[in-house]
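Visitor: One-letter residues, chain by chain:
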Amino acid sequence: MSEPRTLTADSRPVVAAKARLRWDARSSRHLLLYPERGLILNPTAADVIQLCTGAHTVADIVDRLAAKYAPQPRETVEREVLTFLVNMADRGLIREHDD
Amino acid sequence: MTWEAPEVTEVR
Numbered sequence: 001m002s003e004p005r006t007l008t009a010d011s012r013p014v015v016a017a018k019a020r021l022r023w024d025a026r027s028s029r030h031l032l033l034y035p036e037r038g039l040i041l042n043p044t045a046a047d048v049i050q051l052c053t054g055a056h057t058v059a060d061i062v063d064r065l066a067a068k069y070a071p072q073p074r075e076t077v078e079r080e081v082l083t084f085l086v087n088m089a090d091r092g093l094i095r096e097h098d099d
Numbered sequence: 001m002t003w004e005a006p007e008v009t010e011v012r
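Residue numbers (my numbering), protein chains in the order written: chain W, 1 to 99; chain C, 1 to 12.
Keep in mind that the hints were calculated from the coordinates and are not lab data. All C-beta atoms, glycine included, are put in the ideal place defined by N, C-alpha and C. A couple of the hints might just be wrong.
Footprint (simulated), chain C over chain W, 3 or more residues, beta carbon under 8 Å [stated by the list, open to error]: (1) 35-48; (2) 73-84.
Listed next, the in silico EDC-like pairs over lysine to aspartate or glutamate satisfying Cα-Cα at most 20 Å (straight line) [what the hints assert, rightly or not]: (3) W:LYS68 x C:GLU4; (4) W:LYS18 x W:GLU78; (5) W:LYS68 x W:GLU78; (6) W:LYS68 x W:GLU96; (7) W:LYS18 x W:ASP98; (8) W:LYS68 x W:ASP47; (9) W:LYS18 x W:GLU96; (10) W:LYS18 x C:GLU10; (11) W:LYS68 x C:GLU7.
Could you put the whole structure together from the sequences, leaning on the hints where they help?
Guide: Have a look at this one:
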């Protein structure tokens, strides 16, 4: 049975060990690669993934991106970042950092 | 910079 996805503002997301973030200079885009598959990330998705080191909470990540992309409302950034992270957790590419 | 919702596209 799989664990429920319970990412919250206090979660510390980290990229799963099986995944690698790569910058493809030829196409000027970030790729998240994992065995037998790959994902092209848009710029904001790449921003989020780069901050998923286990050192930052979801709230920290949202704060940083809301500042970077001001005047975008923080509430919008928070909602869309959480939706993205849950999607990535469902794919097994993001997990919660173990304390 | 303009915010857009984070999105991914699967590649073969």
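Visitor: Run the distance test for W:LYS18 versus W:ASP98: straight-line Cα separation, threshold 20 Å.
Guide: holds (16 Å)
Visitor: If you look at each residue in the region 73-84 of chain W, do at least three have a Cβ nearer than 8 Å to any Cβ of chain C?
Guide: holds (count 6)
Visitor: With the threshold set at 20 Å, check whether the alpha-carbon distance from W:LYS68 to W:ASP47 stays at or below it.
Guide: holds (10 Å)
Visitor: Can the restraint linking W:LYS68 and C:GLU4 be considered satisfied, given a maximum Cα separation of 20 Å?
Guide: holds (12 Å)
Visitor: Are the Cα positions of W:LYS68 and W:GLU96 separated by 20 Å at most?
Guide: violated (24 Å)
Visitor: For the pair supplied as a hint, W:LYS68 and W:GLU78, confirm whether the alpha-carbon distance does not exceed 20 Å.
Guide: holds (13 Å)
Visitor: What's the verdict on W:LYS18 and C:GLU10, does the C-alpha distance respect the 20 Å limit or exceed it?
Guide: holds (16 Å)
Visitor: Hey, W:LYS68 versus C:GLU7, does the alpha-carbon distance stay inside 20 Å?
Guide: holds (18 Å)
Visitor: Would you check chain C against the region 35-48 of chain W, counting CB to CB pairs closer than 8 Å, and say if three or more residues qualify?
Guide: Satisfied; 11 residues make the cut.
Visitor: Going straight from one Cα to the other, do W:LYS18 and W:GLU96 come out at no more than 20 Å?
Guide: holds (14 Å)
Visitor: Under the criterion that the straight-line Cα-Cα distance not exceed 20 Å, is the pair W:LYS18, W:GLU78 satisfied?
Guide: Not OK: W:LYS18 and W:GLU78 at ~26 Å, beyond 20 Å, violated.
Checked against the numbered hints given earlier, the structure breaks hints 4, 6 and satisfies all the rest.
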